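Peer 1: Please take these sequences and the hints and turn them into a complete structure.
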Amino acid sequence: MSQMPKWADLVLIPLISLIVAALLSALVILGIGEDPVAAVKMMVTGALGSTYAWGYTLYYATNFIFTGLAVAVAFHARLFNIGGEGQATLGGLGVALVCLALPWPHWALALPVAALGAALFGAAWAAIPAWLQARRGSHIVITTIMFNFIAASLLNYLLVNVLRPTGSMDPSTARFADGTHLPTLHDLLAPLGIAFSKAVPANISFLLALAACVAVWMLIWRSRLGYEIRALGHSEPAAIYAGIRPVRTVMWAMLISGALAGLMAVNTVMGEAERLVLNSVEGAGFIGIAVALMGRNHPAGVFLAAILFGFLYQGGAELALWTDIPRELIVVIQALVILFTGALDNMVRMPLERLFLSLRKGRA
Amino acid sequence: MDFPTLLQVLDSTVRLATPLLLACLAGLFSERSGIYDIGLEGKMLAAAFCSAATAAVTGSVWLGLLAGIGGSMALAGLHGLSAITFRGNQLISGVAINFLAAGLTVVLAQDWFHQGGRTPSLLGGARFEAIALPFAETLRPVPVLGPVYAELISGHTLLVYVAALLVPASWWVLYRTRFGLRLRAVGENPEAVDTAGVSVQATRYAAVAICGLLCGLAGAYLATALQAGFSRDMTAGRGYIALAALIFAKWRPWQALGATLLFGLLQAVALRYQNIELGGVGLPVQVMDALPYILTVVILAGFVGRAIPPRAGGEPYVKER
Chain U
1 MSQMPKWADL VLIPLISLIV AALLSALVIL GIGEDPVAAV KMMVTGALGS TYAWGYTLYY
61 ATNFIFTGLA VAVAFHARLF NIGGEGQATL GGLGVALVCL ALPWPHWALA LPVAALGAAL
121 FGAAWAAIPA WLQARRGSHI VITTIMFNFI AASLLNYLLV NVLRPTGSMD PSTARFADGT
181 HLPTLHDLLA PLGIAFSKAV PANISFLLAL AACVAVWMLI WRSRLGYEIR ALGHSEPAAI
241 YAGIRPVRTV MWAMLISGAL AGLMAVNTVM GEAERLVLNS VEGAGFIGIA VALMGRNHPA
301 GVFLAAILFG FLYQGGAELA LWTDIPRELI VVIQALVILF TGALDNMVRM PLERLFLSLR
361 KGRA
Chain A
365 MDFPTLLQVL DSTVRLATPL LLACLAGLFS ERSGIYDIGL EGKMLAAAFC SAATAAVTGS
425 VWLGLLAGIG GSMALAGLHG LSAITFRGNQ LISGVAINFL AAGLTVVLAQ DWFHQGGRTP
485 SLLGGARFEA IALPFAETLR PVPVLGPVYA ELISGHTLLV YVAALLVPAS WWVLYRTRFG
545 LRLRAVGENP EAVDTAGVSV QATRYAAVAI CGLLCGLAGA YLATALQAGF SRDMTAGRGY
605 IALAALIFAK WRPWQALGAT LLFGLLQAVA LRYQNIELGG VGLPVQVMDA LPYILTVVIL
665 AGFVGRAIPP RAGGEPYVKE R
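Chains U and A, in that order, are what the protein sequence lines are. Going by my numbering, the first sequence wraps up at 364, each residue one higher than the last. Going by my numbering, the second sequence wraps up at 685, each residue one higher than the last.
Listed next, with one range per pair, are the computed distances between beta-carbon atoms:
id, chain 1, residue 1, chain 2, residue 2, range
1, A, 537, U, 207, 55 to 65 Å
2, U, 112, A, 565, 49 to 59 Å
3, A, 441, U, 26, 19 to 29 Å
4, U, 225, A, 421, 56 to 66 Å
Treat the hints as calculated values from the structure; they're not laboratory data. All values reported here derive from a predicted model rather than from experimental measurement. Even glycine gets a Cβ: it sits at the ideal position worked out from N, Cα and C.
Peer 2: This is how it looks when you write it as structure tokens:
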């Protein structure tokens, strides 16, 4: 099968896909009568040009690292977890319940418990589709889509009827106490003598996301469970023959995936909004699909792709603010990335394989 | 609930079930041929935008309908390209199509009409008008049946009747024609069809094209009949409800009619009542919203009659060399 060197598979194909997606996006920008070069310049200044810009880029990237890792872990077991949106919604509920339950004295105490709440709620929301896939053979893609909608309805009900403070018209929980306030990158970098903008939402969750990248790498390539997940993903009959229990492995892969998606809520609900609102996930669960595809399901790739999408997200917000280009342009770019790195992968791969094959023949 | 209220709820059920039915039949053709399609939502949205934009500019609902079908079929072609020709992952392709439609429609609507991602409201000939069936008013005084005929059966737009007729038509095409047999066969056992000398790829492309056509009707109905114009994300998950209905119907046309009517009824009730009292227990509106999805999960779980998808679904066909 190795008609191509490994570097081509890991770097060249995603890069070409990205370039094709970028060119098509430039065409869209041209099509609506704007200047793509000026747009890119504005996005770069708006997303990378100052610590303020970086603060937003990294804040969005933190979300996408978590949801990207969630999709990637499931992909290794050849499961397509499209339910990151719902799992992150439930993760937000977990964070909110933890933050509202106790008068937390200090964030260092609240953070681990809130993260545990987020992970548990996210995993619980993935557990039912996982069990149905493993035991009853119900297709995980369909069940996780359905669970996204059920999660939205559930949260809507809880915020409107149960968690809303009396007298408030807004469907959201009460504000969390000050003890749960997470340190921002400004707070973290000030002791090191680095001046970072005060007004940005990027917070300590970014470090949590980095830790999650390392943890996922350890899990997938350095642990027994990770080996079992990968083996099952490559070939179920072979994995069963090797004594791997498929039900157990599918369950673990999906529980970990759901927990990672849920952890995203620490960043958004606890780190930024400091209360639980409707639709706090804002599509980050779906961007995780693009991030995982782009990052070739490797934590390092996911990290880079998440930064890229953080850049696109913040840059797109700047574009929407200063030009006539609406924010939805980012959704188009996201769609093109998913299309070329995921669905039309073979379109890029087939000619490249032929090229490498003819190069090799020429040498021999 | 008195009789006129019941009629009103049922009437709104028919109107809300129509886009679901069209999209569900669209998915039926595609999935029966072995091509999973979670891009129904995106195709409907694209069709809604294309039809509303064209109808707004030209003032003709018919040109709008054509444009809607065209937009939807373009995306269907893209799905065919990635799923059939390049043997890509059909689910990922569907996700990409949904996002492409969600983004592109708003970007273009904003650029063309500058109304915050909407199209201008459609008036007069740019919309489908309600059709009064013959004798609807004359028969109205007849007790029970008269109002049912006048309110429930008569007075819908053309596409509602088209959708209703498409149910037997789909059944006939799928179960009584050579093309239908081949279409179902490529979804179950493409090797056998290939051995018989029939092109698997061509059959699947035909199925995906029909899917695009029907999604085009569904989207055009949303923008030019149910509502008057396109607005951001106006499909509001209907493509996924249609997908749920398809599973609920176990990939069969008549059952698709039943499932979409049921889900349409849930939408109509949720629209009319905020809370429902059932045997002394208040049922919040969110339960009605979530019910189609919950029912589908229950069906998928196989506790109430197992739903078995076409056997070759989701698998790209690789011809033996």
